[in-house]
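Novice: Sequence:
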Amino acid sequence: MKHLLTAFLAFSLIGSAFSADKKSIVMIAGKPSHGPGQHEHNAGIQLLKKCLEQGAADQVDIKFHLNGEWPSQEELSKADSVVIYSDGGGGHPALQGDRLAQLDKEMKRGCGFLTLHYAVEPTIEKGGKEFIDWMGGCFEINWSVNPHWDANFKELPAHPISSGVKPFGTNDEWYFYMRFRPNMQGVTPILSDVAPESTMSRPDGAHSGNPTVRESVKNKEKQHVAWACERADGGRGFGFTGGHYHRGWANDDQRKLVLNAILWTAKAKIPADGVASNVTEEDMKANLDLKPGQGLPEKPKPAPKVK
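When you line the sequence shown up against full-length UniProt numbering, it's residues 1 to 307, in that order.
Hints are computed from structural coordinates only; laboratory data are not their basis. Wrong hints could be hidden among the right ones.
As the list claims (entries may be wrong) - Pairs of lysine-lysine residues, derived as DSS-like cross-links and limited to a Cα-Cα distance of at most 25 angstroms, are as follows: (1) K154 with K31; (2) K154 with K108; (3) K49 with K22.
What the hints assert, rightly or not - Okay, the calculated beta carbon distance ranges per label pair: (4) R109 with R179: 21 to 27 angstroms; (5) K108 with D21: 22 to 28 angstroms; (6) K285 with P182: 23 to 29 angstroms; (7) A272 with N142: 30 to 36 angstroms; (8) K285 with N142: 36 to 42 angstroms; (9) K108 with L290: 26 to 32 angstroms.
Ideal Cβ positions, reconstructed from N, Cα and C, are used throughout, including at glycine.
Make the full structure from the sequences, and use the hints.
Specialist: Pasting the structure below:
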């Protein structure tokens, strides 16, 4: 009996040590937004979680929150990286209440920070300074733009996030012309392409165009749509402007790049060939938000007034 108890305690200690070695990932999905198959934050976060557990189960312990639910301070205090996939601007989950201050506390101890698609956009008044500090750059209105276009990533940098990722191209709402740190200090572009002139077809506006970005596109400068950043506090950040279409996560290389980035921001070891994962059509359909056209009734139109 004594030997059995000793063996049990030994296995328990080994299990605890193994668990302690795992990196804690906190994933936050925003509320439903846009039409079917677009801004599928809840489905996207759950799909990425499943894929991480396929290819890096021994590396990570993942907790996720849906529909804009915010993690507890205790959970944040243990996080090695925070991942947010949500709408941005004034409704950004990270900008509500004292959440920026909560995150800032964790960033100062070296926690990672990763945002996907619209979540790369805070506001100038609130969050802009912090996002640039935490992940090297962010979307800024009247500077950055959000056109839909075909981007082709023919060359990838020698960076751990690129491990096992082959050149690829997709049509997406690839935001570009981010507000980066001065001189790109500590920032490494990961996905870049020359944006076609068609991306400037809209009139100037907060998200659609301005003289500075028009000049950049005219000069055929490469536009960075995903980037990595290393911070003075030892933390790491990553921004990815794609992800408008849920279908994009079916692209093996796009998915692998983001999975690698999650591990990198958490300071976990990335496999030599990147995080391996496989998704089926059933996986892609799982957890989609019910929206008009997907089983949710259209809102009734008001009855015409009788004259």
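Novice: Now tell me, hint by hint, if it's right for this structure.
Specialist: Each hint tested on the structure:
The suggested pairing of K154 with K31 is violated, with an alpha-carbon distance near 34 angstroms, which exceeds 25 angstroms. As the CA atoms of K154 and K108 are separated by approximately 35 angstroms, the hinted pair breaks the 25 angstroms bound. About 15 angstroms separates the Cα atoms of K49 and K22, which keeps this hinted pair within 25 angstroms; it holds. Distance hint check for R109 and R179: the Cβ-Cβ separation is about 25 angstroms, which falls inside the suggested range of 21 to 27 angstroms.
K108 and D21 have their C-beta atoms about 23 angstroms apart, which keeps the hinted 22 to 28 angstroms range intact. Against the hinted window of 23 to 29 angstroms, the Cβ-Cβ separation of K285 and P182 comes to about 44 angstroms, which falls outside the hint. One distance hint, 30 to 36 angstroms for the beta-carbon pair A272 and N142, is violated here, with the actual separation near 43 angstroms. Hint check: K285 to N142, Cβ distance near 38 angstroms, so the stated range 36 to 42 angstroms holds.
Range check, K108 to L290: about 40 angstroms between beta-carbon atoms, so the 26 to 32 angstroms window is missed.
The structure shown violates the earlier hints numbered 1, 2, 6, 7 and 9.
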